[in-house]
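Given next are the chains, with one letter for each unit.
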Amino acid sequence: MTILAKHASYKLAYDALRKHGVDPFNVRFDSVLSPTEGMLDGRRTILLGTNNYLGLTFDPDCIAKAVEATRRQGTGTTGSRIANGSYDGHLLLEQRLAEFYGRAHAMVFSTGYQANLGVLSTLVGRGDHLMLDADSHASIYDGSRLGGAEVIRFRHNSADDLYKRLRRLSGSPGERLIVVEGIYSMLGDTAPLKEIAAVKRETGAYLLVDEAHSLGVLGATGRGLAEAAGVEEDVDFIVGTFSKSLGSVGGFCVSNSPDFDIMRVVCRPYMFTASLPPGVIASTLEALHKLETQPVLRANLMRNAARLHDGLGALGFTTGPHANPIVAVVMPDQEIAVTFWKMLLESGLYLNLALPPATPSNAPLLRTSVSAAHTPKQIDTALDLFAQVGRELGFLSSDRRRAGGVI
Amino acid sequence: MRETHQLALVAGNIDLAEKPVRDEIATVFEQVLGHPVQITDDTDIVEDLGLDSLGVMNFVMAIEDFYDISIPLDRIAQVQTVGDLIHAVEQLRSGANS
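Respectively, the protein sequence lines represent chains A and B.
First residue of the first sequence: 3, per the working numbering; consecutive thereafter.
First residue of the second sequence: -18, per the working numbering; consecutive thereafter.
Calculated from the structure, these hints are not laboratory results.
Just so it is clear, the structure is predicted and the values come from calculations on it, not from any experiment.
Mixed in with the good hints, there may be bad ones.
[To be verified] Listing some non-contacts, in silico: residues in chain B with all C-beta distances to chain A over 10 Å:
1. Asp4
2. Ala7
3. Thr24
4. Asp33
5. Leu35
6. Asp49
7. Gln72
[What the hints assert, rightly or not] To be clear about the criterion: a stretch of chain A counts as covered by chain B if any three or more of its residues have a C-beta under 8 Å from a C-beta of chain B, and this derived list gives those stretches:
8. 153 to 161
9. 355 to 367
Yeah, the Cβ is synthetic: ideal placement off N, Cα and C, and Gly gets one too.
Could you put the whole structure together from the sequences, leaning on the hints where they help?
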């Protein structure tokens, strides 16, 4: 017995998975060549599962800005902003984010995970009520435990269930905060934000939208689902990340809340961690500029997403409901999912194997994420490989329903 | 106000008063699982009924709908047996009525 013996059931499941001769959660790239290609075991591999939506990780301007800032200000800040102070870049990025969203305030965190941890635990506390979509990301669940608010889960994407639960709370004291995501990370589906905003208005709750996967992806100017759904006025807080469409790392929150800045001295996941290094801030600023000034990136992204989503559907695979940059293929069982994933990897296609309980239903998923940087040819190669492996495993031609049908 | 509380306490102490809740929970279980179940207060919801985390969530949501209550996540975490669940449901219902 060791102190970690309590995780024995996970170890068993993980060991069983690794018996297939692969470790889907520990893939080791020899090198990464571009936003869409890497080397794996000496093979050139298409990256179709790295959330690199706008393909900016190798953008020459973003790299140049990061290099210049690193030379000028060093590799790191070696501490938090409350202890070591803010650099000009931290303040400029907050100002630029506030301008981009048309909000009064912005606050930058060191990761997107910490942004949710910090914002959720600071906005609501003991005596308040936090209303979470059942399919919320782990960072939202973890953040919900940090603040001590009462946490109530509503059915995924059901404004009716949310309303019912808020009605049950009527008469009890405390604030209510509704938390939803712009694009859900497993299936790529979006929240019914118009309906949820209506519930928010009727019940007097606050509304927070996590746009981690929808910044730079949805909305006429890339501000996310709140913009696309036309309900930005109803969204009190937007949380997001720099680690997907902006190609770096870090998180943020924007809001018009007049006393927003008090968070800087009460929000522990902001206060007690090192701030982002100058190079990261500089590349993020440049990427935000690209996001704003190059709408063609978003157009290419959505074109690629539709090409993959429609192509997989035409082959007979069951995918998520929307042609968003996250396209998930539903697998009938874990055995086929792992084999399918391994065969794709050995054919030069990398994507994510998502297994329950990380998936919203009991079905395993092959989760892909598309980039603006993918060429149509790369998407077609991916489709060919899906078709080839699907046929080899014998569940494409024989019975289409075996490919899923769960969702 | 005090009288109401005392009445509620008395009702809670009568053994018979707990049985309908267990029967109702059994009915909801059957609806979720699709087959009849035998449950006692000691039945372990995960171990004995073979529910995975998704199954537990669906079951809890069905219970919440049945009683028109919401069971907060920290309370769900404390529920291991049917007896724990009956206790949680009764507490939440009496809280809602007070």
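Fill in: Violated hints, by number in ascending order, as checked against the structure
4, 5, 6
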